[in-house]
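Please model the entire structure based on the sequences and the hints provided.
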Amino acid sequence: MTDLLEGLRLVAETEVVIAIILSSIYGLVVGSLPGLSATMATALLVPFTFYLSPIAAVATIISASAMAIFSGDIPGALLRIPGTPASAAYTDEAYAMTRKGQAELALGAGLWFSAIGGIVGTLSLVLMAPVLAEMALNFSSYEYFWLALLGLMCATLVARSSPVKAIASMLLGLLVACIGMENPAGTPRFTFGLTDLLGGIEPIPALVGVFAVSEVMRAMLIPPPPPLPDRKFGSILAGQWALTKKYQWPMWRGNVVGIIIGVLPGAGADMAAWVSYAMSKKFSKEPEKFGTGHPEGLVEAGASNNASLASGWVPSLLFGIPGDTITAIAIGVLYMKGLNPGPTLFTERASSMYALYIIFIIANIIMIPLGILMIRLASRILKAPRSAVMPVIMLLCAVGTFATGANLFAVILVAIFGCLGFVMERNGYPVAAMVLGIVMGSMLEQTFVTSLIKSDSSVLPFFERPVAGVLAALTLGALAWPVLAWALQRRKVAAA
Amino acid sequence: MKLSDRMSGGILVALGIAAAWFGSRLPGVPGQDVGPSVFPMVVGGGLVLCGALVAFGIGQGFEAPEEEDPTPRHPLYGLRALLPPALLVLYVLVAEPLGFLPTAAIMIGIAAYALGASWRLLLPLALIAPFGVHAVFAKLLRVPLPDGVLPAPW
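Residue numbers (full-length UniProt numbering), protein chains in the order written: chain P, 1 to 496; chain Z, 1 to 154.
Since the hints were made in silico from the structure, they are not lab data.
Source: prediction; values computed, not measured.
Each hint should be verified, as a subset may be incorrect.
To be verified - Here are the computed lysine to aspartate or glutamate pairs in the EDC-like style, where the Cα-Cα straight-line distance is at most 16 Å:
(1) P:337 <-> P:348
(2) P:454 <-> P:464
(3) Z:2 <-> P:425
(4) P:289 <-> P:92
(5) P:454 <-> Z:147
As the list claims (entries may be wrong) - Stretch by stretch, here's where chain P covers chain Z in the computed footprint (C-beta under 8 Å, at least three residues):
(6) 11 to 23
(7) 26 to 35
(8) 123 to 131
As the list claims (entries may be wrong) - Chain P stretches covered by chain Z per the calculated footprint, using a threshold of three residues with CB under 8 Å from any CB of chain Z:
(9) 48 to 55
(10) 416 to 428
Cβ coordinates follow ideal geometry from the N, Cα and C atoms, glycine included.
What follows is the structure, given as structure tokens:
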């Protein structure tokens, strides 16, 4: 109880309150601009977190990412261009509703069920994390190895990309993580004699490169999105309660699926939305209405992506294994602020954890009024010409990464990763998998090598402990999936 | 830059072989079987396998087809994409001698022009945005941005 009160006091500090409000507005604006994703919004926040207290720093990331995931629905519904990849699953549906004259209902559903999903996801974090923390105290390097590998495998299961290419991207990330001296022997690896590479490649320049610079590069080639026609909106929340009652069951299913996908290390909001939308269609009583402007899938997937956002913090806080690309950034910030992830965080820093839960709840509650305001102002904000936004983003990429280490070499890395991300994306290699590979490479190697040394180079002990065995089975299942799916598809094609 | 799967797979195979080869030559830890070379070799091996699968088209078929731009373009049109990274490199090269404000103004001006901004938008943007960014990063966050020939007025 004292921890809870202490947590409340931490959140009530002026600095934290201002951080929540400003980062919420920032998240809403960035998320609504097509091409600027929630991950990018978070990555560009990192230099600001340097100068904030630990709780305020975490608060900016939580509120900006939650708002950006919702606000990605706005251009999706109005222009048929998803603001963030997590909205892409149901963009066509939302746009069909707008064309039927139900823009308010579509946007309201996005907002209302995002907030519900976020709150349910937070509750799952509150309930699950301490229980799992108890368990995690007994984990050895074997379990951590499998967890890290499982996280990476989940990241390769993202929809709409070839699993083989996703695994290749992930391996590429692991290779990048090999660069530098941070390995079991402290030998410089793949540094090509450059002193700048001795310290390895930090995740932030890589993230900013593949998520922001490559987006500016893409903008150079494709025409800007059409301007948003001015429109007057009716009441945004009208009808949401009726929807909640009517689609109660899909909503809960969306929440639960989102939570499960979020807890899986490596799989995040994008995947949650795709899976939930597909499930909604499959289990619906009226699947034929999907795609014609039917709110059911919107309810389920909208709740799902925000729920996954909160539960994605479970593996991040407990094991230091990111639930998605956003928490990958958050983990870096946690370490920097002395809130090192691990099971002891929940016992020794309980008040900070309570503060974190409270911030999640607050962010999802103020999302409703701020979101309504954002929807009403959307046509003005989306008028911001792309030729003005993108150059400023590019400048922020340079200054922001420079600020994280006062090192100009990081800016070169941003440019290189921008090109790499651009080429990979064009050829169907998912960049998120590579980023998670970079983030988790050193942890994976460390646990792998430690385990091998402990087991005297034998592979058997990797499977002997019960939890390690289960995790291993899950990981190998994820690895076998592409092969199975491919074989099944070939049989289908052959049969047809 | 659209590469064929054969091409991108081939690049991955070559990269994997190089990683495994250079990894295997890393000095080990005396008295221990497992050293810094194990991980690059495993990763390199994986890359070779994945690259080969990609090159031979095994396990494909989940990809959403990319929307191609229908308007015919000059073959060199794709090079425009290289402008943002080139401007970042420019920043690294000239920010120190020239100073942050002029460098940022040049970067923003060129990028906005390439994106088709009108002069009425471009000029004020290139003049005002660098000051805004400088105010936030140098003044508020105390990031040491170079002064060069044109120090900021604060």
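For each hint, the structure was consulted:
1. P:337 <-> P:348: Roughly 15 Å between the alpha carbons, so the hint for residue 337 of chain P and residue 348 of chain P holds.
2. P:454 <-> P:464: Holds - the C-alpha atoms of residue 464 of chain P and residue 454 of chain P are around 13 Å apart, at most 16 Å.
3. Z:2 <-> P:425: Between residue 2 of chain Z and residue 425 of chain P the Cα gap is close to 10 Å, so the pair holds against 16 Å.
4. P:289 <-> P:92: 13 Å, holds
5. P:454 <-> Z:147: With a Cα-Cα distance of about 54 Å, the restraint between residue 454 of chain P and residue 147 of chain Z is violated, given a limit of 16 Å.
6. 11 to 23: Result for this restraint: holds, n = 6.
7. 26 to 35: This one holds; 8 residues, not fewer than the three required, reach chain P with a Cβ under 8 Å.
8. 123 to 131: Check passed, 3 qualifying residues.
9. 48 to 55: holds (count 3)
10. 416 to 428: holds (count 8)
Consistency note: the structure conflicts with earlier hint 5 alone.
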